[in-house]
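**Q** If you're matching them up, the sequences are chains X, E and Y in order. Our numbering applies: residue 65 is where the first sequence begins, and numbers increase by one. Our numbering applies: residue 25 is where the second sequence begins, and numbers increase by one. Our numbering applies: residue 953 is where the third sequence begins, and numbers increase by one.
Please note that a few of the clues may not be correct.
Said to hold, decoys possible - Only part of the chain E face toward chain X is listed, based on derived beta-carbon distances under 10 Å:
hint: 1; residue: Pro80
hint: 2; residue: Ala95
hint: 3; residue: Glu110
hint: 4; residue: Asp142
Said to hold, decoys possible - Estimated spans, in silico, between C-beta atoms of each pair:
hint: 5; chain 1: E; residue 1: Leu91; chain 2: X; residue 2: Arg83; range: 31 to 39 Å
hint: 6; chain 1: Y; residue 1: Ala1022; chain 2: X; residue 2: Leu268; range: 35 to 43 Å
hint: 7; chain 1: Y; residue 1: Gln977; chain 2: X; residue 2: Ser118; range: 35 to 43 Å
hint: 8; chain 1: X; residue 1: Thr109; chain 2: Y; residue 2: Phe1175; range: 18 to 26 Å
hint: 9; chain 1: E; residue 1: Ala156; chain 2: X; residue 2: Trp155; range: 39 to 47 Å
hint: 10; chain 1: Y; residue 1: Ala1022; chain 2: X; residue 2: Gly236; range: 40 to 48 Å
hint: 11; chain 1: X; residue 1: Ser118; chain 2: Y; residue 2: Leu1144; range: 32 to 40 Å
hint: 12; chain 1: X; residue 1: Ile67; chain 2: Y; residue 2: Gln977; range: 55 to 63 Å
hint: 13; chain 1: E; residue 1: Gly65; chain 2: X; residue 2: Trp155; range: 22 to 30 Å
hint: 14; chain 1: Y; residue 1: Thr1171; chain 2: X; residue 2: Arg230; range: 28 to 36 Å
hint: 15; chain 1: X; residue 1: Val265; chain 2: Y; residue 2: His978; range: 44 to 52 Å
hint: 16; chain 1: X; residue 1: Val306; chain 2: Y; residue 2: Arg1192; range: 31 to 39 Å
hint: 17; chain 1: Y; residue 1: Ala1098; chain 2: E; residue 2: Pro80; range: 49 to 57 Å
Claimed, not checked - Derived DSS-like pairs: lysine-lysine, alpha-carbon spacing no greater than 25 Å straight-line:
hint: 18; chain 1: X; residue 1: Lys157; chain 2: Y; residue 2: Lys1057
hint: 19; chain 1: Y; residue 1: Lys1059; chain 2: X; residue 2: Lys157
hint: 20; chain 1: X; residue 1: Lys157; chain 2: E; residue 2: Lys157
hint: 21; chain 1: E; residue 1: Lys138; chain 2: E; residue 2: Lys153
hint: 22; chain 1: E; residue 1: Lys157; chain 2: X; residue 2: Lys154
hint: 23; chain 1: Y; residue 1: Lys1057; chain 2: X; residue 2: Lys154
hint: 24; chain 1: X; residue 1: Lys154; chain 2: Y; residue 2: Lys1059
hint: 25; chain 1: E; residue 1: Lys138; chain 2: E; residue 2: Lys207
hint: 26; chain 1: Y; residue 1: Lys1059; chain 2: E; residue 2: Lys313
Derived from the structure by calculation, the hints contain no laboratory data. Here a beta-carbon is modelled for each residue, glycine too, at the ideal position from N, C-alpha and C.
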Amino acid sequence: MAIPTALRFVEPQALAYRRTWRASVVSNFLNPVLYLLAMGAGLGTLVDESADPSGMGISYLAWLGPGLLAAQAMQTGAGESSFPIMAGFKWRKSYVAVMNTPLDATDIFVSTYVWIVVRVLQVSAIYAAVLVAFGVTEPLGAVLGTLTATLTGAAFATPIMAFTSRLEDDTGLSHLFRFGVVPLFLFSGTFFPISQLPELVRPLAYATPLWHGVELSRSVALGMETTFPWWASVGFLVIWAVVGAIFALPQFRRRLVV
Amino acid sequence: MGEPLVEARNLTKRFGTFTAVDSVDFTIERGEVFGFLGPNGAGKSSTMRMIGATSPITEGQLKVFGLDPNADGREIRARLGVVPQEDMLDEELTVTDNLTIYGRYFSLPRSVIKPRVDELLEFAQLTEKRDAKVEALSGGMKRRLTIARALISNPELVILDEPTTGLDPQARHVLWDRLYRLKQRGATLIITTHYMDEAEQLCDRLVVMDGGRIAAEGSPAELIDRHATPEVLEVRLDVDDHAGREADFAGIGSRTEVLADRILLYVEHADEALQEVRAKGIIPAATVKRRAGLEDVFLHLTGRTLVD
Amino acid sequence: MTPTESRAMGARVIPSVVRPTYRAQHVLERNWIASGAFWKVMIAGFFEPVFYLLAIGVGLGAMIGDITLADGTSVPYAAFVAPGMLAASAMNAAVMESTFNVFFKFKYGRVYQAMLATPIGAGDIAVGEIGWSLFRGFVYSATFLAVMGVMGLTESWWAIGALLGTTLIGLAFGAVGMAAVTFMRSWQDFDLITFVTLPLFLFSATFYPIEVYPPWLQTVATFSPLYHGAELVRGFALGRFDPSMLTNALVLASMATVGAIIAVRRLGRLLLS
């Protein structure tokens, strides 16, 4: 059975991933374990003495865990849709090489995006499993959390693909992480509720996809009330993904077909 | 002879206001090795990329396998093998993985790819390196791997863009030998090059390109016959600048060309010409007697040398 | 002793390939020229601490309140965590500079191979690269410290002494990072570096006092070089001096010495093999 052209570039990426999968899985596992131990258990003992961010009487560790799950999905989505894309266009030129085969720019875009989503799914699933091991959530919450986290990562991937596909070198990428990804990680309600933010900047948090991802994640893992209905947050993330794709796809074509 | 594999009429490629390929015509038949000879920037690569259906045609007509690259690019590419100017191999994967992955783009089943990889590794003299990472290979080996990669889908037509640029002389000869074997098997090849020796060795027929236009077309022998004399006498004088010295050689040979460091005399017999030079009382600092080549054709057509 | 004499003496003791020839400044100069617009580094050095101090120090700090220190006094959480993050960023910067960047130059730029074709020796390269990473680290840390000062997270002018701590951290991690990179074969090996630096970053009294650990784990934490770095930097930043800070400094200095010796030896062997 022939694989459709739009998906034919997925297998090579999986094959390339094979050479690093062990280290990757180990770090995908150690990362949540270490963060939950340090920030959740360690720092959490100090938080729990004086505050209750969930308002439900649960520990800081349990509150932080699902937030970090969504944040990790964003970081994976951002990481996979930045440097590897740059490599495909510019450093290894694998995309340029593939253009000499029956595949075209749309196939490359679709396959690349599918692979990014697969990677986010994998990282999120491991993270969610660690949350279960820490007693933060039940298996059902972990499965749903994996899905909402994957959606969060997928919502970040297309806009960043659009951004990266315009760049000529990686200085733009370090700006993206320094002024985009890192502030989002810090201020989207992951470590502290956005009610701590000054009232003026709070609407900014509502506009960021990560905050919605964090809300959804806490809702499915902990049963917390969300600020907006769940479908609104899901829809918001889907819109980010679709709008990003609308910008990214023509950009891929422009860059590869000259 | 049947339908030509590639047929171009008034083929034109523009990037903004810059015209890279300026209304060229050529026809490539099945089973021949066809060359595009010209300096860097002559429009060879742009022409190749249009034939390879990766670069849209701005104006004119191009048929590859009787198909239109702007409309049927996918089908054309499925029947082509391309050796791009840059290898663009996956440096961190093994030699075998690189070939296998490429085969998968053509939707070949693994059962077909496996024996073909063995065969191509043999052909590219890389069997011993099959499990090595590409980054560990020499430049010549990488180039041979790129050729093997282009052959994985059993293409009807193979396009090679500057196949030996950047290789040392020995690696070039190994590569030429492989390409010669391909030719003997009856493959149709299109080669761009700015090396005249490469064009002379490999091409049945070629076009000389300059500034986006085709300056001449024919077999290497025909072109030399038409645009040069059988032999060339190169004379170097003991002066700083050779310009204006051609008058000293009036009456010798059919034509002279003046370069910065020497004067070329186009003659029937270089030995006799040298005697005539001496008879005029000129004492050259150095002389070279040689047969005329494509370099001379290019010089005659454009007034410039190929490699500068 | 003139430089020529000392060089001649050195020739007998140290193998000639490794012997520094007092040309490290040229390696520094090359990096300075290649770094392009230096103000970009400065801007990066400004925004990062602002983001982290606001989020972790102020945002998260509001849920924590005050931290009681070993001497019984207490400080706001932001004032506690700021020196910890300063120490951690000094470590991260030194590790990045001495591993990823050096490996890249080794593998792709072939900068060193070109340098070795000149009178510059492997020793000069090692000294030059560590010096460069120290310089950048110093500028970054000074900016970080200034931001802390503006945010009112330092206690007195003694806080400037924290730069001594960050410099020692830079030296220690830069030298060990450089020694480690000589063992690296491919980019995949860099995962190992993350496996080491991430736990150090999280568990070395950077975000909370190690007193929250059970006693045995507190002992384990004292084996972390970053713990010593964080304690040293914090001592200066909060103006609370303790004789144990001498131990902290000594630990980092020994680490720097051992790392540098290994780095210079290995680098010489690698570059000239």
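**Q** Among the hints numbered above, which are violated by the structure, and what are their numbers in rising order?
**A** 2, 4, 7, 9, 14, 16, 26
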